[in-house]
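Chemist: Residue numbers (the working numbering), protein chains in the order written: chain B, 1 to 112; chain F, 1 to 111.
Some clues are possibly wrong.
[What the hints assert, rightly or not] As a list, the in silico DSS-like pairs of lysine-lysine whose alpha-carbon atoms are at most 27 Å apart:
1) B/Lys11 with F/Lys41
2) F/Lys3 with B/Lys57
3) B/Lys11 with F/Lys3
4) F/Lys57 with B/Lys11
5) B/Lys70 with F/Lys37
6) B/Lys57 with F/Lys57
7) F/Lys68 with F/Lys40
8) B/Lys70 with F/Lys3
9) B/Lys57 with F/Lys56
FYI, nobody ran anything at the bench for these hints, they're computed from the structure. Only a predicted model underlies this, so the values are computations on that prediction, with no experimental measurement involved.
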Amino acid sequence: DAGITQSPRYKITETGRQVTLMCHQTWSHSYMFWYRQDLGHGLRLIYYSAAADITDKGEVPDGYVVSRSKTENFPLTLESATRSQTSVYFCASSPEVTYGYTFGSGTRLTVV
Amino acid sequence: EDKVVQSPLSLVVHEGDTVTLNCSYEVTNFRSLLWYKQEKKAPTFLFMLTSSGIEKKSGRLSSILDKKELFSILNITATQTGDSAVYLCAVLGGSNYKLTFGKGTLLTVNP
Chain B
1 DAGITQSPRY KITETGRQVT LMCHQTWSHS YMFWYRQDLG HGLRLIYYSA AADITDKGEV
61 PDGYVVSRSK TENFPLTLES ATRSQTSVYF CASSPEVTYG YTFGSGTRLT VV
Chain F
1 EDKVVQSPLS LVVHEGDTVT LNCSYEVTNF RSLLWYKQEK KAPTFLFMLT SSGIEKKSGR
61 LSSILDKKEL FSILNITATQ TGDSAVYLCA VLGGSNYKLT FGKGTLLTVN P
């Protein structure tokens, strides 16, 4: 299917475990982003990527790792999950830096 | 630090009312301002504004940008229950042209 897809939709994990959230887009957009959305904070940028093998930190990168070996995939890894990382995570993509973003459907992550 | 502030944070109206949502910003290297609507899932794109004073319109929704005063408004006329959602304002700019979001306005339209 064309578009941007995230998996899984829901995930429950234990404190200290490593977990990876997947993001895949079919448009060959250069730019991809990871945001987390929390009540009272809105959407905050975790990491972004301008192209394959180019990534940079956003506003709240601590505790997260990203990679982008292929243009279409941008996985987000929580190396050792903490309860404060319980959130809804959105992936987004854009063809150009000055365009608006298209968002995936989100992953609701609960860390217990 | 780039900042986007939306007001009000929440709003409850009756069907048929007209609402105005506000967004002010302080962003370096401003490129554009975007409005998104978020219901249960992902934010969906409404408008992108780049020039002052030019109204963008889509059905009952309209928006305008004032680059001198650094704000935008989103108007919804003749509201319907289906307009109930969180409306997000985001500004594209900063050192690496990233989107910075406000916290959103939760609009509830009662029948």
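Chemist: Take the C-alpha atoms of F/Lys57 and B/Lys11, compute the straight-line distance between them, and say whether it is at most 27 Å.
Modeler: violated (39 Å)
Chemist: For a C-alpha distance cap of 27 Å, please report whether B/Lys11 and F/Lys3 respect it.
Modeler: violated (31 Å)
Chemist: Is the straight-line distance between the alpha-carbon of B/Lys11 and that of F/Lys41 27 Å or less?
Modeler: holds (16 Å)
Chemist: For F/Lys3 and B/Lys57, compute the direct alpha-carbon distance and say whether it is at most 27 Å.
Modeler: Holds: F/Lys3 and B/Lys57 sit about 18 Å apart, inside 27 Å.
Chemist: Are B/Lys70 and F/Lys37 close enough, with their CA atoms no more than 27 Å apart?
Modeler: violated (30 Å)
Chemist: Below or equal to 27 Å on CA atoms is what counts here, so check F/Lys68 against F/Lys40.
Modeler: violated (34 Å)
Chemist: Given the hinted pair B/Lys57 and F/Lys57, is their Cα-Cα distance within 27 Å?
Modeler: violated (35 Å)
Chemist: Is the straight-line distance between the alpha-carbon of B/Lys70 and that of F/Lys3 27 Å or less?
Modeler: Violated, at roughly 32 Å.
Chemist: Taking 27 Å as the top limit, are the C-alpha atoms of B/Lys57 and F/Lys56 close enough?
Modeler: Violated - the C-alpha atoms of F/Lys56 and B/Lys57 are around 33 Å apart, more than 27 Å.
When each numbered hint is compared with the structure, violations occur for hints 3, 4, 5, 6, 7, 8 and 9.
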